[in-house]
Amino acid sequence: ENNIPVLAFTTTRWNRLQSDPPPSTMMMDGFRPTTSECLKFALHHPAVEVVLHSARDEEELDEALLPLLSSSLATSKRTGWLSEEECEQWRVYGSDEARWNEDDAFDEYPEESM
Numbered sequence: 001e002n003n004i005p006v007l008a009f010t011t012t013r014w015n016r017l018q019s020d021p022p023p024s025t026m027m028m029d030g031f032r033p034t035t036s037e038c039l040k041f042a043l044h045h046p047a048v049e050v051v052l053h054s055a056r057d058e059e060e061l062d063e064a065l066l067p068l069l070s071s072s073l074a075t076s077k078r079t080g081w082l083s084e085e086e087c088e089q090w091r092v093y094g095s096d097e098a099r100w101n102e103d104d105a106f107d108e109y110p111e112e113s114m
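So the sequence shown is numbered by the working numbering: it starts at 1 and just counts up by one.
Do not rely on the hints blindly, as some may be mistaken.
[Stated by the list, open to error] Label-pair distances were calculated between CB atoms; the ranges are: (1) Gln18 - Cys87: 18 to 28 angstroms; (2) Arg32 - Asn3: 19 to 29 angstroms; (3) Val6 - Ser54: 34 to 44 angstroms; (4) Leu68 - Phe31: 13 to 23 angstroms; (5) Glu58 - Ile4: 11 to 21 angstroms; (6) Asp57 - Arg99: 23 to 33 angstroms; (7) Pro46 - Leu69: 29 to 39 angstroms; (8) Asp57 - Glu88: 25 to 35 angstroms; (9) Glu84 - Glu59: 14 to 24 angstroms; (10) Asn3 - Asp57: 16 to 26 angstroms; (11) Leu68 - Ala47: 26 to 36 angstroms; (12) Asn2 - Glu63: 14 to 24 angstroms; (13) Glu58 - Glu84: 33 to 43 angstroms.
Because the hints were derived from the structure by calculation, they are not lab data.
Note that CB positions come from ideal geometry on N, CA and C, so glycine has one too.
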């Protein structure tokens with residue numbers, strides 16, 4: 001909207017998003033995103049121009065990027081990468097910020113904690 005590009009990082013929340021989610025966010029048949037799905041979600045936002053991903057090796061990089069490059073996603077507009085249902089699934093999955101931070105408050109400043 002403001003033509004300011006956004007750079008996204010820690011899209012997997014230091015791999016926390018692939019572990020067991022807080023019980024309050026459990027729905028959608030135990031949804032647990034892959035690294036590729038986390039990257040796809042970040043890139044879905046029209047302002048995001050770049051996503052940093054620190055794969056440990058080439059195999060992990062391939063696992064994260066090949067699903068994005070080898071499908072119709074590579075040629076379609078990014079804003080169409082996720083359906084409304086998928087967007088809602090992500091909103092629910094990440095909705096309980098306080099519970100997500102219970103076990104790993106390392107990314108919170110004490111004065112900003114909930």
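Tested hints:
1. For Gln18 paired with Cys87, a C-beta distance near 19 angstroms keeps the hint of 18 to 28 angstroms intact.
2. Our hint of 19 to 29 angstroms for Arg32 and Asn3 is violated, since their Cβ atoms are close to 35 angstroms apart.
3. At about 18 angstroms, the beta-carbon gap between Val6 and Ser54 misses the expected band of 34 to 44 angstroms.
4. For Leu68 and Phe31, the hinted distance range of 13 to 23 angstroms is satisfied, since their beta carbons lie about 19 angstroms from each other.
5. Here the CB-CB span from Glu58 to Ile4 is close to 33 angstroms, at odds with the stated 11 to 21 angstroms.
6. Roughly 32 angstroms separates the CB atoms of Asp57 and Arg99, a value that falls within the hinted 23 to 33 angstroms.
7. For Pro46 paired with Leu69, a C-beta distance near 20 angstroms fails the hint of 29 to 39 angstroms.
8. Range check, Asp57 to Glu88: Cβ separation about 34 angstroms, and the 25 to 35 angstroms hint holds.
9. For Glu84 paired with Glu59, a C-beta distance near 33 angstroms fails the hint of 14 to 24 angstroms.
10. In this structure the hint that Asn3 and Asp57 lie 16 to 26 angstroms apart at CB is violated, the actual value being about 36 angstroms.
11. For Leu68 and Ala47, the Cβ-Cβ distance of about 18 angstroms falls outside the hinted range of 26 to 36 angstroms, so the restraint is violated.
12. The beta-carbon spacing between Asn2 and Glu63, approximately 34 angstroms, falls outside the hinted interval of 14 to 24 angstroms.
13. For the pair Glu58 and Glu84, the beta carbons lie near 35 angstroms from each other, so the given range of 33 to 43 angstroms is met.
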